[in-house]
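Asks: Quick note on the numbering used here: the sequence shown kicks off at 302 and runs consecutively.
Just so you know, the hints here were simulated from the structure itself, not pulled from any lab data.
Cβ coordinates follow ideal geometry from the N, Cα and C atoms, glycine included.
Careful: at least some of the hints might be erroneous.
Derived CB-CB ranges, DEER-like [what the hints assert, rightly or not]:
#, residue 1, residue 2, range
1, Asp342, Leu408, 16 to 24 angstroms
2, Asn323, Asp387, 27 to 35 angstroms
3, Gln421, Asp315, 12 to 20 angstroms
4, Gln383, Lys338, 18 to 26 angstroms
5, Lys435, Ser379, 31 to 39 angstroms
6, Gly360, Arg438, 31 to 39 angstroms
7, His320, Asp343, 24 to 32 angstroms
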Amino acid sequence: VEDVNYAQKRVVVDKIMSHFGNTLTGKTFGILGLTFKPDTDDMRESPSLVIIEALLHAGASVQVYDPAGMDNCRQMVSSEVQFCSDVPSALNQADAMVLLTEWNEFLELDFEAVKHGLKQPVIFDARNVYDPIKMKRLGFIYFGIGRG
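Using the sequences and the hints, build the whole thing.
Replies: Quick look at the structure:
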C-alpha cells in the first residue's frame with residue numbers, strides 16, 4: 302500500500318517532467334497547498350513533501366504557499382524552498398503553478414493575475430478542481446492529474 306501511495310504522489314512529478322523534460326534545472330515551480338487536506342496544518346503523508354523533494358532533486362527551484370501549513374512544512378523540507386506570504390508571491394516568475402491542496406482560497410483564483418505572474422501559462426492540478434475547458438479558453442496549458 303505504501304508503494305502505491307508513493308507512486309501516486311510521483312504522478313505529478315512525472316507529468317511535470319514529461320512537459321518540461323527530465324532535467325528541471327533553471328525551472329521554478331509555484332506550489333499552492335502543502336497540507337494533506339484543506340483546513341488543517343497537518344503535513345503527515347502530504348504529497349507535497351514527496352513532490353517538493355523530487356522537484357529539488359531534478360534541479361528545480363520551488364516557491365510555496367499554504368494558508369496554514371507553512372510552519373510545519375518549513376521543518377520538513379530543504380532550506381532551498383522559498384516560503385511565500387501569498388499566492389501572487391508563490392507564482393511570481395514561476396514556470397508553472399502546481400496545485401496540491403484544494404483550499405477554498407485556491408478554487409476561485411484571478412486567473413488573469415495568475416497568468417500575468419507566471420513565466421508560462423502552465424498549471425498542474427493534482428486535485429482536478431479546475432475545468433480543463435475553461436483553463437484552455439483562458440489560455441493555459443492545463444494538466445489535470447488522473448485526467449487524459
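Asks: Give a verdict on every hint.
Replies: Evaluated hints:
1. In this structure the supplied range 16 to 24 angstroms holds for Asp342 paired with Leu408, their Cβ-Cβ distance being about 19 angstroms.
2. For Asn323 paired with Asp387, a C-beta distance near 32 angstroms keeps the hint of 27 to 35 angstroms intact.
3. In this structure, Gln421 and Asp315 meet the distance hint of 12 to 20 angstroms, their C-beta atoms being roughly 19 angstroms apart.
4. A C-beta distance of roughly 23 angstroms is found between Gln383 and Lys338, which places it inside the suggested range of 18 to 26 angstroms.
5. About 34 angstroms separates the C-beta atoms of Lys435 and Ser379, a value consistent with the hinted range of 31 to 39 angstroms.
6. Between Gly360 and Arg438 the beta carbon distance is about 33 angstroms. The supplied range of 31 to 39 angstroms therefore holds.
7. For the pair His320 and Asp343, the supplied restraint of 24 to 32 angstroms holds, since their beta-carbon distance comes to about 30 angstroms.
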